[in-house]
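Could you build all of it, start to finish, from the sequences and the hints given here?
Chain order of the listed sequences is C and B. Start counting the first sequence at 1; every next residue gets the next number (our numbering). Start counting the second sequence at 223; every next residue gets the next number (our numbering).
Hints may contain errors.
What the hints assert, rightly or not - The following label-pair restraints were derived from C-beta to C-beta distances:
1) C:Ala34 / B:Leu405: 29 to 39 Å
2) B:Ala374 / C:Pro23: 46 to 56 Å
3) B:Glu242 / C:Val97: 49 to 59 Å
To be verified - Listed below are several chain C residues computed to face chain B (Cβ distance under 7 Å; list not exhaustive):
4) Arg43
5) Arg48
6) Leu52
7) Ala55
8) Val58
9) Gly67
10) Thr70
11) Pro157
12) Asp159
Worth flagging that the hints you see were computed from the coordinates, not collected in a lab. Don't be surprised by glycine CBs; every beta carbon is placed ideally from N, CA and C.
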Amino acid sequence: VQPDAELIDRLAAEYVLGTLRGPARRRFERWLRADANVRATVRAWEDRLTGLNRAPPVAPSADAWRGIETRLGFAPRRSAATRWAPLALAASLLLAVGGGWLVWREVRWQPAAELAAAPGATAWRVEIVRDGSELRVAAERPLPLPANAAHELWALPDDGGAPVSLGLLPQAGTRVVVLTATQRAAWSRATKLAVSREPAGGSPTGQPTGPVLLVVPRIVRA
Amino acid sequence: VTGTTVDADPARPAATDDAEADAALAALLARCAARDRQAFAAFYRRTSSAVLGTLVRMMRRRAVAEDLLQDVYVQVWERAGDFDAHRGRVMTWVLSLARYRAIDAMRRDRLELVEPQQLVESMDADRARAGDDADEGTVDEGERRRLERCFARLSDDQQRTVRLAFEEGRSHPEIALALARPLGSVKSWIRRGLQSLKECMESCSPMPN
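What follows is the structure, given as structure tokens:
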């Protein structure tokens with residue numbers, strides 16, 4: 001049953017004008033959604049009356065747009081990015097500084113000795129930092145080690161004085177030794193390094209007790 | 223890409239401007255339907271002042287109007303695909319959305335009435351400056367002139383009640399109260415006013431698009 005066109009037109013007019021209120025407006029809206037003919041009638045009234053709009057434009061505040069973005073889920077992503085930006089910057093700075101420090105740490109090492117039984121058969125590689133404060137020993141093809149034994153590194157003073165222990169050598173990987181004042185003094189006077197086999201844990205006397213396996217010259221740089 | 227197509231040339235005649243501006247808005251709206259956020263932002267920049275103006279006029283409170291403005295543009299984003307460029311103007315569509323939203327809010331919030339006398343005075347002031355000060359670019363100029371010519375033929379009571387309803391979003395009882403006239407008279411002024419308006423506008427042949 002098609003309600004008469006005049007009624008549709010009258011209701012559409014008052015709907016667009018805004019004077020159709022309450023339950024009648026609700027009912028009309030349901031009808032509007034369901035009926036293309038009613039929609040067309042409403043559109044015609046919108047076109048007719050829109051020229052009555054004489055309200056002067058009012059510029060919205062910035063909050064209004066932010067509110068819309070938030071409600072549509074646009075803003076959180078951006079505001080989260082904004083919130084984390086300083087942290088990200090700090091992190092990347094830290095990475096850069098840390099990376100730089102690592103690079104610097106790496107370049108400050110200089111070769112100090114090749115502990116080798118024969119040329120090309122390096123057992124350990126010894127490096128030292130420029131100021132002589134730390135020693136780094138890397139196992140390459142370390143000498144075989146019996147059970148309950150350790151390889152100990154010695155600085156052999158040039159003047160024939162007693163050897164000074166520079167610590168135990170790793171059988172694998174790298175070990176960094178922070179040198180004591182005594183060790184640093186011995187290092188600066190030494191022209192040779194020696195490796196002895198000692199009981200596990202190192203020499204009990206502070207002097208080499210086992211066989212001396214290697215004696216090599218220390219690389220001296222200007 | 224958008225900016226070049228949307229910006230109207232101020233040297234062009236107004237009617238051409240309007241049609242072009244509306245076509246550009248329709249293009250933006252189509253991109254909104256395709257979930258283009260930049261197009262949505264551009265659409266907002268171009269239309270939000272007119273929409274907020276309408277909402278402020280109806281709600282009379284800026285904060286309330288701005289809340290509704292957000293509702294309107296959330297709806298614009300969600301319903302951009304509903305707009306059919308072949309059947310109407312974008313500004314009519316978005317301003318209608320805004321008006322319906324405002325009317326719903328009045329119903330919901332039972333907005334208290336502005337003093338009746340104040341309402342009538344503001345309306346009379348509007349009428350005094352009508353024509354020279356209308357917001358540009360939102361309505362086809364030929365359509366507007368036809369509306370004005372036909373609107374002028376209505377009786378004073380019809381003009382006044384239709385305007386109060388449309389511009390201020392007032393209900394029949396509110397208008398009756400504001401004008402201190404019987405509710406039945408207000409209803410019949412409005413009904414006959416709308417009817418006369420339609421007959422008059424249909425008798426002047428619409429300009430072909």
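Structure-based check of each hint:
{"no.": "1", "hint": "C:Ala34 / B:Leu405: 29 to 39 Å", "verdict": "holds (31 Å)"}
{"no.": "2", "hint": "B:Ala374 / C:Pro23: 46 to 56 Å", "verdict": "violated (35 Å)"}
{"no.": "3", "hint": "B:Glu242 / C:Val97: 49 to 59 Å", "verdict": "holds (56 Å)"}
{"no.": "4", "hint": "Arg43", "verdict": "holds (6 Å)"}
{"no.": "5", "hint": "Arg48", "verdict": "holds (6 Å)"}
{"no.": "6", "hint": "Leu52", "verdict": "holds (5 Å)"}
{"no.": "7", "hint": "Ala55", "verdict": "holds (4 Å)"}
{"no.": "8", "hint": "Val58", "verdict": "holds (4 Å)"}
{"no.": "9", "hint": "Gly67", "verdict": "holds (5 Å)"}
{"no.": "10", "hint": "Thr70", "verdict": "violated (9 Å)"}
{"no.": "11", "hint": "Pro157", "verdict": "violated (76 Å)"}
{"no.": "12", "hint": "Asp159", "verdict": "violated (80 Å)"}
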